[in-house]
Amino acid sequence: NAGVIQTPRHKVTGKGQEATLWCEPISGHSAVFWYRQTIVQGLEFLTYFRNQAPIDDSGMPKERFSAQMPNQSHSTLKIQSTQPQDSAVYLCASSLGGTGNTLYFGEGSRLIVV
Amino acid sequence: GEQVEQLPSILRVQEGSSASINCTYENSASNYFPWYKQEPGENPKLIIDIRSNMERKQTQGLIVLLDKKAKRFSLHITDTQPGDSAMYFCAASLGDNSKLIWGLGTSLVVNP
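Chains A and B, in that order, are what the protein sequence lines are.
Oh and the first sequence: position 76 is 76 in the numbering used here, straight run, nothing missing.
Oh and the second sequence: position 88 is 88 in the numbering used here, straight run, nothing missing.
Note that these hints are calculated values from the structure, not bench results.
As the structure is a prediction and not an experimental result, all values here were calculated from the model.
In this text, a Cβ means the ideal position worked out from N, Cα and C, and glycines have one as well.
If you only want the chain B side, here are some residues facing chain A, beta carbon under 8 Å, derived:
#1 Y32
#2 N43
#3 K99
#4 L100
When you get a sec, could you build the whole thing from the sequences and use the hints?
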């Protein structure tokens, strides 16, 4: 079991460009979560899928952020027109079921917007 | 919105002493309270959790207490070791289809 796989591990993008981050959850896990981590804000919830269906996207900045889960082995987080304040570590986590189960986090994707 | 307050933000202790981290939550319907440890450069990992049908849980040098009346839960690390130095996050959840609400974390430093 390779754990949750996130790619890329590091991404530097210019202001205004698009960034797409990928997550492969642990096989058999039905829930996928996306978080953003910064020193100032800590762990910020972005969005949550269960059995590929979006359950809660209340943490997603509405205008430039979008997430999809086209199949059970793959989720993407897309940030359009990136801004310096989007710089953060984006963490994906999966679990067997809902929130009451252990979250297994990936290593994260560090996004730097210059 | 819902918040979980976590204190202290920084905690320095001597090796062998105990360390305590406290969290308070707002929604009395919260029923699941996990604690995650994040070592430098690593991802967060679950170390212990407690559900609302319990008041105390203990495992491998970790004790978690839950006071539902006060809406407070705490992590106690006994006999701290340098390897316990890390960020610790508490969280609270309303249930399976509800997101976890996270505290801002506690940086624990265990001095040899």
